[in-house]
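**Student:** Produce the complete structure using the sequences and hints provided.
These are the residues of each chain, in order.
2 protein chains.
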Amino acid sequence: MSYRVAVVGATGAVGREMLKTLAQRNFPAREVAAIASGRSVGQEVSFGDKTLAVQSLEKFDFAGWDIGLFSPGAAVSAVHAPRAAAAGCVVIDNTSQFRMEPDVPLVVPEVNPEALGRIKRGIVANPNCSTIQMVVALKPLHDRFRIRRVVVATYQSTSGAGKEAMEELMAQTRASLVHDPIVVEQFTKQIAFNVIPHIDRFMDDGSTKEEWKMAAETRKILDPDIKVIATCARVPVFIGHAEAVHVEFEKKVTVAAAREILREAPGVQVVDRREDGGYVTPLESQGEDATFVSRLREDPTVENGLAFWCVADNLRKGAALNAVQIAEVLVAQAKRGDGALARRAA
Amino acid sequence: MSYRVAVVGATGAVGREMLKTLAQRNFPAREVAAIASGRSVGQEVSFGDKTLAVQSLEKFDFAGWDIGLFSPGAAVSAVHAPRAAAAGCVVIDNTSQFRMEPDVPLVVPEVNPEALGRIKRGIVANPNCSTIQMVVALKPLHDRFRIRRVVVATYQSTSGAGKEAMEELMAQTRASLVHDPIVVEQFTKQIAFNVIPHIDRFMDDGSTKEEWKMAAETRKILDPDIKVIATCARVPVFIGHAEAVHVEFEKKVTVAAAREILREAPGVQVVDRREDGGYVTPLESQGEDATFVSRLREDPTVENGLAFWCVADNLRKGAALNAVQIAEVLVAQAKRGDGALARRAA
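Those protein sequences? They're chains A and B, same order as listed.
Going by our numbering, the letters in the first sequence line up with residues 1 to 346, in that order.
Going by our numbering, the letters in the second sequence line up with residues 1 to 346, in that order.
Treat the hints with caution; some may be incorrect.
If several chains are the same, the list does not tell them apart, and a pair holds so long as it fits within one copy or across any two.
Claimed, not checked - Subject to a maximum C-alpha distance of 25 angstroms in a straight line, what follows is the list of computed SDA-like cross-link-like pairs (lysine to any residue):
id, residue 1, residue 2
1, K251, D204
2, K20, V76
3, K209, A256
4, K163, S176
5, K209, V270
6, K209, T301
7, K252, P300
8, K59, K251
9, K163, E288
10, K163, D180
11, K227, E250
12, K189, E275
13, K252, R146
14, K251, D205
15, K189, G42
16, K189, G38
17, K252, W212
18, K20, S56
19, K20, H179
20, K251, I226
21, K189, G277
22, K252, D204
23, K227, V255
24, K209, D223
25, K251, R149
26, K189, E167
27, K209, S96
The hints are simulated quantities; they were obtained by calculation from the structure and are not laboratory data.
**Tutor:** Right under this line is the structure:
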């Protein structure tokens, strides 16, 4: 069996990573289409050792296409993901558009693959980047020690805001070094040599939408009883999100037990030597599939407390890789004659 | 009354800021000496519109000098601060050497100026930069709502590690832009376009000394019953530390009440509009005296929870300014015929 895969938003940072990931993992695709908004038509993007001509989303007919990997922005997905689904294409959407809809599964394959048995509208949602890496690390700990509350502060790279945001960090850095004027367009303030405590829009309670997402998505994916308070900040890094995670469990936790569980956990790589360099930084996560856990410590300030540092490539596990992994689960289901792709074939 | 002031470590990032701060605040100094290790002799440093020739610490006689502002590194202070104190010079030491000694006051003038009435060994300790700004913001809230526990994650600039560390960020940034090899000397990994979750040395419990300092110093300065868990990380910023602070209080807290208290609090400036740019970033704190508080939110995941974002210039309030403010309190005491400087004159 092989599939026709449409990558929507193919010229963006995540779209390009989706194409790269499909090629690297030898996804069983007999045809791949690179799709973006009309103004990108004429561009070409790489897919393995081939280049694909970008096709217009507005004019694209999804009939006959099996899987749509969408990352075009929420407003665009709102229109075109249901259109693709109506044409019989199973959409894996990386935008925030459908994540909290009760009848759309929100999936991290290492955490809640069973939700892929409940695809109703032909759409699966890919969680927010900062949520994905956190729940990959939290899931095995939750199974053993039961999480009550998480306090997390993030150090998020500019690629989470897209290609233009990365270019702005580069341009501002260059300008700063030669004392040229700094142009601020993608962020609210200069990001070069700075930290901005604001990602996505403000909510009524003073949180940002990004902070709200980390709480709401964690509850939907992992357990509705887990309490999460997040502070999300943008740092002058190109790729790789880091998180300082402080967890309170119901049951007694030790570093030794947590480390052993995390060592066996799918998608997790523990790098935790208590010495110079014995931890993973965002730069080192770039291009890697794993969610890295470092700096494991018991937190003596609360009952059953544990702190750790968590890093992942936000374009890969935080976006493209997770989406492709979802597609791989659908393919495996179809091989067993089961799931959304099999229903489609039938 | 005016005083003879010796600035020790005058060629470092903090020493230079001490000289700048003394000049800017018109500190009543009738003479200022710039002192550093023997290898810096021959250099000159700025003091207001003058330049001072650097003198050798090893050969410097502190007799007749009233105040010593020390920032030469802990091992050097260990030797020379007691030597200066024995000569009758009141030492305000910015290193970690004496901070936790029971008979050395650890002082933030907005928080515990009363500790300056208990100078016994002729030495006052200036707290760690990340502690200072946090306790300036916490003190007025603690007085009103009583703090139980603080969970803090820091975003610390390279200047906290000294002048060479700032130069390394600059050099690595330049090298990175032109794809030259990256030289790592001051940090354990590349800091340009990266985040390093490691400041100071590792402790047995897996914390770093910086994380331990934030807890131990907060308890010594503010209240021994406050529990603090910190995760400290270095970010590619030149000057200005930021902190994501999550506090649990004994009494009910609201954002409105917290904001009103912080607006009146000495040393604090509240900048907190829930809109694009309505918060302070490290870059904006540079050269400022205030500790800025932004992003005030109630934390619904815990009883009486409050979260906020706290930023200050780590070289000023985090080091030089706080030291000079301590000296100013000593001067005010002396005017009333009281305190360490008055005893010295007598």
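**Student:** Each hint: holds or not?
**Tutor:** How the hints compare with the structure:
Taking CA atoms no more than 25 angstroms apart as the test, K251 paired with D204 passes between copies only; the shortest distance there is 23 angstroms, against 34 angstroms inside one copy. Taking the closest pair of Cα atoms, K20 and V76 come within 25 angstroms of each other only inside a single copy of the chain (22 angstroms); across copies the shortest separation is 54 angstroms, beyond that limit. For the homomeric pair K209 and A256, the shortest alpha-carbon distance between copies (21 angstroms) is at most 25 angstroms, but the shortest distance inside one copy (35 angstroms) is not. Taking CA atoms no more than 25 angstroms apart as the test, K163 paired with S176 passes in both settings, with 20 angstroms inside one copy and 18 angstroms between copies.
Within a single copy, K209 and V270 get their C-alpha atoms only as close as 30 angstroms, which misses the 25 angstroms cut-off; across copies the closest is 22 angstroms, which meets it. Taking CA atoms no more than 25 angstroms apart as the test, K209 paired with T301 passes between copies only; the shortest distance there is 17 angstroms, against 29 angstroms inside one copy. For a Cα distance limit of 25 angstroms, the shortest separation of K252 from P300 qualifies both inside one copy, at 12 angstroms, and across copies, at 24 angstroms. With identical chains, the CA atoms of K59 and K251 are never at most 25 angstroms apart, being 55 angstroms at best within one copy and 60 angstroms at best between copies.
Taking the closest pair of Cα atoms, K163 and E288 come within 25 angstroms of each other only inside a single copy of the chain (19 angstroms); across copies the shortest separation is 33 angstroms, beyond that limit. Within a single copy, K163 and D180 get their C-alpha atoms as close as 22 angstroms, and across copies as close as 23 angstroms, so both meet the 25 angstroms cut-off. Taking CA atoms no more than 25 angstroms apart as the test, K227 paired with E250 passes in both settings, with 12 angstroms inside one copy and 20 angstroms between copies. For the identical chains of this complex, K189 and E275 are inter-copy neighbours only, at 12 angstroms across copies versus 35 angstroms inside a copy, given an alpha-carbon limit of 25 angstroms.
In this homomeric assembly, K252 and R146 come within 25 angstroms of each other (Cα to Cα) only inside a single copy, at 10 angstroms, whereas the closest approach across copies is 28 angstroms. In the homo-oligomer, the alpha carbons of K251 and D205 lie at most 25 angstroms apart only across protomers (20 angstroms), although the nearest pairing inside one protomer, at 31 angstroms, exceeds that limit. Taking identical chains as interchangeable, the C-alpha atoms of K189 and G42 are never at most 25 angstroms apart, the minima being 33 angstroms within one chain and 41 angstroms between chains. With identical chains, the CA atoms of K189 and G38 are never at most 25 angstroms apart, being 30 angstroms at best within one copy and 43 angstroms at best between copies.
Taking the closest pair of Cα atoms, K252 and W212 come within 25 angstroms of each other only across two copies (23 angstroms); inside a single copy the shortest separation is 28 angstroms, beyond that limit. When the C-alpha separation of K20 and S56 is checked against a cutoff of 25 angstroms, the pair qualifies only within one copy, where the shortest distance is 20 angstroms, while the shortest distance between copies is 60 angstroms. With identical chains, the CA atoms of K20 and H179 are at most 25 angstroms apart between copies only, with a shortest distance of 23 angstroms across copies and 37 angstroms within one. When the C-alpha separation of K251 and I226 is checked against a cutoff of 25 angstroms, the pair qualifies both within a copy, at 14 angstroms, and between copies, at 24 angstroms.
Within a single copy, K189 and G277 get their C-alpha atoms only as close as 31 angstroms, which misses the 25 angstroms cut-off; across copies the closest is 7 angstroms, which meets it. Only between protomers do K252 and D204 lie at most 25 angstroms apart by alpha-carbon distance; the minimum there is 20 angstroms, versus 36 angstroms within a single protomer. For the identical chains of this complex, K227 and V255 are neighbours both inside a copy (22 angstroms) and across copies (20 angstroms), given an alpha-carbon limit of 25 angstroms. Taking identical chains as interchangeable, the C-alpha atoms of K209 and D223 lie at most 25 angstroms apart only when both belong to the same chain, with a minimum of 20 angstroms there against 35 angstroms between chains.
Proximity of K251 to R149 under the C-alpha cut-off of 25 angstroms is found in both arrangements, the shortest distances being 12 angstroms within a copy and 20 angstroms between copies. Both within a single protomer and between protomers do K189 and E167 lie at most 25 angstroms apart by alpha-carbon distance, with minima of 15 angstroms and 24 angstroms respectively. Taking the shortest Cα distances, K209 and S96 sit within 25 angstroms of each other inside one copy (10 angstroms), while across copies they are farther apart (40 angstroms).
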